[in-house]
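Please take these sequences and the hints and turn them into a complete structure.
So the sequences go chain by chain: E and P. Each residue of the first sequence is one higher than the last, beginning at 1 in the numbering used here. Each residue of the second sequence is one higher than the last, beginning at 10001 in the numbering used here.
Where hints are given, some of them may not hold.
[Unchecked claim] Computed cross-link-like contacts, SDA-like style, restricted to lysine to any residue with a CA-CA straight-line distance of at most 25 angstroms:
| id | chain 1 | residue 1 | chain 2 | residue 2 |
| --- | --- | --- | --- | --- |
| 1 | E | Lys39 | P | Ser10566 |
| 2 | E | Lys80 | P | Leu10424 |
| 3 | E | Lys80 | P | Arg10460 |
Please keep in mind that the hints were generated in silico from the structure rather than gathered at the bench.
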Amino acid sequence: MAATAAGKKVFEVFVSKVLWTVATRDIKAYFGQFGQVKKCLLPFDKETGFHRGFCWIGFTTEEGLQNALQKDPHIIEGAKLQVQKNRKPFSGRKSNKEAEDI
Amino acid sequence: MAALLRSARLLKCSPAVLLQVFGNSRHVSAAGRLYSEAVGTTRAGLCVQTVPGRLNVNSLSSYRLTLPCVSCRQYGVVPEQSGLVKDEPSVAVRSKQAQQFDWALAKLDSSVRRTGRVTKTLLLRIFHDICRTGYPSGNQALLLLRSCGSLLPEVPLAERVELSQQIWDKLQELGTTYDVSHYNALLKTYLQNEFRFSPTDFLAKMESANVQPNRVTYQRLIAAYCEVGDIEGASTILGFMKSKDLPITEAVFNSLVTGHARAGDMDSAEGILSVMKSAGIEPGPDTYLSLLNVYAEKGDIAKIKQTLETVENADILLMDRDLMQVVFSLTKASHQQHVPEIVERMRHERGYVPDAMNLCLSLITHGHEETAFSVLKSFTGLLVESQTSDSPDLGNFFLRHCANMDKPVENIVGFCKDLKDSGLHSSPLQFTLQCALEAKKTGMAVELMRSMKEEGLPLRPHYFCPLFTHYQKDKNIPGTLQALRAMQELGVASDFDTFSIYILPSFPSVDSARTSLKEAGIDVDGNILIAAELRTEASRGNLAGLFSLMSSPALPNIDLSAFRASLISGFRGFHNVELMAKITELLYKDPRFNSADPETSENVAYFLYNLIDSLNETEVHSKEEQIREYFGLLKNMNISISLNIFRGIRNILESYQVPELVKDVLALVDKKENGLETDATLLRGLEGKLSFLEKTLAELKAEGKPASSTLKKVITVLCSEERLERALELKTQYETDMTPAAYATLINLCCRHDNAEEALKLKMELARKDSEATLDAQKYVALVRVLSKHGKLEEAIDMLKEMKEKDVQLRESTIGLLTLTMNTAAMKGDANTIRRLQETIFTLGLAKPSSNLCSPLISCYLESENYAGAFDATVEVQKQYNQMPKIHDLICGLVENGDAELLQKVMEFLSQERGEMMMLYDLYFAFLQTGRYKEARKIIETPGLRARPTRVQWFAEKCIAAQQMEPLENMVDMTVKLFECDRDDMYHYLLRLCKETNDWQKAEATWMKMQEENLAPRERTLRLLADILKNNDKEVPFEVPEVWFEEVKGQPEMFLEQEIKSSPMVQAAPRKRVAASPPKEATVDDYRLKLLSLCKKGKAQEANDILKEAESMGMVLSPAPYDTLIKTLLASGNIEDAMAVKNMSLFKSLTPSMNSLFSLCSEDIDSAVELLESFYIQNTENQKSSISFVFRKVLDANNDAVLDKLSAMAERLCNHFASYRAATDLFLIYLDTGRTEEAKFLLQRCAAVNEQKDTMFTYMLRAAQQPGQAAKIKALSELIPDFTEKENIFSHLVKCYGLDKDFSSAKALYERMQVEGVKADELTLKRLAQLYKEAGATVPFEEPPESFRFYADKLNKQRSESMEPADN
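Structure follows, in structure tokens:
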């Protein structure tokens, strides 16, 4: 984890209004159409077992980021996602995925 | 209904409410609303029974005259009995109760208003809250009981009855005294919940409790008999009523309609209408509704239609709500086929939707979901209008309730299909599944998923997570296995994370999991189990087991990241260094553990860094030998780490004061690969810094290079070490290289060392060198201070004048320094100096005359007990500056001295200047202060004198601050009869002082006095008192009020004044009323005020509670209250709550407070780091907010330990969380403070900083505004050559050289530009030309002809044009 982030600027979007049925891999696959996705973090609430309805997508290139931002609307499983340029970094610490990682 | 109306009246007269006169007028409307919403759904309840009617209809007519003629739909209101409570709880307790009642009422009211129903959860929460506080009041009991009926459409009837019984018993147990209103409310819930009970037993119960039944009781008992068709019973009760001369109302007749019908005698039922008419009562809508309901029970649609027509013709209006009851009756009696006909007649009045939703919910609860669904479909058109999202989701409430009620899955699936096919809901199955999962209904969830699969909808592993979390909580292995089996059946594969996070924790061990799974016939990917096993073994510290697992050839690829944290926790003990080394070697050499990022070999290096980072200082110290051994073994295994990582580890170890270990780590660095660096430079600590700088300085000088920036650095370091002489020596030695900044630093140091001569000399030198050079305000004032102190008054005044000329702005703190300067003179009795300084300051307008700035002059005379002089000075200051400082001290001095004559003069002066009242207060306080209480009393008893809260507060605060109990106590005693004196305030002051001195005896005595005075203290006063007693392990003799919504009154006036003025609500209402504003009317603004004022008073906990309350009401406060609260909590040392508050405001910006946050909790550096870290991780908006200030502060303080932690944090943020701001700030601070090496290292560790070009650019822009910054920009461009275009760097450098008048550097730069082929813009050329000309050299290029301004504007224009499209 530490090794990957160092040195490279991360091109991230923040996605909210993600339906509870959508899984990490679905969202990753969806955003893959805009460019190579390096990170996809959809944090889960360990208490309830549901994810929190928002996620971060990190592209490897600026281009991917721009492509994703230009497209509107983004629809997964019939529901419209809210996609915006990320000003908030990955909150990896709080998620299950990286629970083991810190 | 009557009960509810009565409750409103009761509330109005209850003494508790008298405390809140303003508030209670609103209760009525709220209670009324609660009631009016409730009533519609409360008129149901009919049965079919047949008993011949025996009612003597004629006997009823005799009651005609007493019948209320207007009460068509309302029961007559019986005059309320005075509901006296047996144990009179103290006024304070009742005040609390009133507030709680308000709160609960507000909650229930809002729920009823919005939805027409109350959820069981809400009701239970209020119930438990009320119980917890211990004194449930009668009103609260009533409120709770009343909510147990048809306001709970989602709860089955039996459960409702149980609930009302539970509440009844529990409250009784807690000492609530029930009056007739409670019994009536209970009866109502019985009726609404179709609970069969014996009315005679009920009456007996009332009798034994010595509660007299009233008309409402009888009416309801009649209704109860009628419900079961017991006309005989109803007649008995009627007899009672008759014997008591109670009026027979429409409600009684309505019940009788039902009663006869249920007794099977429809004729008599219908006949009641004519009986009513003959008794002079026109049948009302409720009468017809009763009739409609009994027809509905019979399924007689023809009669229903006929009756509806009659109703219409009689010009009686039936509401949709009434029709819904008919629908309900039809359905319950299994005549749902007629429902559509009734539904068609609905007129969709206002409020139809919530009513219809409640009907649906009730129908579902009663097992009629099919009918409910047809009702739902009849009003979806109304719901559509409120839809905002693109994907429809109508009927969610319906599906959720079906799931909660465990309706058969096939039914639910049918509804879902229908909703979906008719385009009402885009994903009904998914939604229902979500509900089932939330309700932890595994069976239903699995069935729903099966349907989804059949529909071709995808099933995903995480659908099962909510079930697993549920089972995990109670380690329910069979449940877990059941869910797993379902997963397998449905063909959903579990993944690693689901498995290790949600499934494994239910099992005692990986082995047992493996066995159980096998026994249960569940296939799990072996790799998942192995990875989980690695984690388990690692975190348990079973290194031998771990090693054998890891070295087993059967092990699949598994990246270190999957078990890194566990491994670190297993390693931290350093118990078996050898095994640790072996495992590390495996990690290093076995590619299976490095699958994620095979190109780099940094995996292990980072692991080592994290491992060391996870240890605290004590651990490192106690394990030093083991750590050394471990590194030694790693070295032998040829494990190497990069330089970056080494530096990271070195920083940690150095901060832990174990530099010896650094060498062992260094041994791991591959020297050859890293080239030039030698051990020595890597080990160099901070000590060498000064000598290194001095050496560099000498070298530069020897080479004839400009050395001003290095000189500045050396001087800064020397100054920070307070080595004045050495700094002066260097100054003399390198005089030509002295920059204004270096002078400023040096001057400041001289001032600090009280060396006026040298300071002045330096200042003059500086002025000679650069007449434009300006010091900052603080340094000027320091200079003024030291000069005036050493008798150089004229020079000091010159400095003040220079400040004015150079337009130096003074800030609050600097003005404080000026006061201090004059006070120093006052101590020496040097009035002349003070006068001159004062005069200069005020005439130049450097600061406005203030009490503080004027006080030194008075102090000067008071100091030497020259009262006449002091008085003259007072007069002088008052006349000149309209200030009257130190008047209290002057009067006290005169009183003590017994100088009656002068005192008289002072009093006359005061009276003339500020009025008689103020004069009297001044004198009063002086007498109090000097212990002349008899005289003081005489003054305060002056007829016509009234309380002046601000003045009283001033003296009280003064006593509290100086811990003077006697004068304060005397003041409190003497002001008993003072007109308009707020007694609670007075006692509050006293208690505050008691609290300060922790004097519980005095506090207890104060409590007694309050009782003697028969005072109803405010809650804050009681809490304060309780606090003092508790702190001293004394019993608290009263119930401590819970913090809820403290009155605004009694705040420090100064603080609130501003706020109150700006609050529109407060403007509208007189001040007093605001004070008693009840909570349900509390606006966001109220909460904010409340919160801020509590914070101001340091009541962090109470403020926190208020915030929680506001949050729970769904209010969103502005960021300021959050900030303030966080600060207050931190100040009180409550870091945990501060964090919680911070988290609450997750998505609200918190920027400005962060700096102060840090300094506040700097005693607990770990928390501070955590705060900052989570701040950067979580706050979207705040990537822009800099923490440079924090870093600079830490650097200035030379606080290495803190710096290291912060630096580690910055690196972590950068490398793990992609949050670069902190690292970038640190980098720039290093650069700015000349710590270029550190900056370089940081850059190597946090390469992403390279990319923060905007910030770098901003830094350069800012730096180039001031002289002496060229070196920094150069250093920056050397470290990050590409942070902006070369042209930019060069043009800014030229600008700097221009400011520094550094021709030689500029020339060298120009030559370099020529060599590198960098084109200079015109402005830069213009600047260069200027430099050449000033130095008397020929300009080697053609100087642009226009002015500076021209080219600057041109450049700006170009820039803004090129920026625009890129700017988003």
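Evaluation of the provided hints:
1. Lys39(E) - Ser10566(P): Status holds; Cα separation ~23 angstroms.
2. Lys80(E) - Leu10424(P): holds (17 angstroms)
3. Lys80(E) - Arg10460(P): This hinted pair holds, its Cα atoms lying about 20 angstroms apart.
Checked against the numbered hints given earlier, the structure satisfies every one of them.
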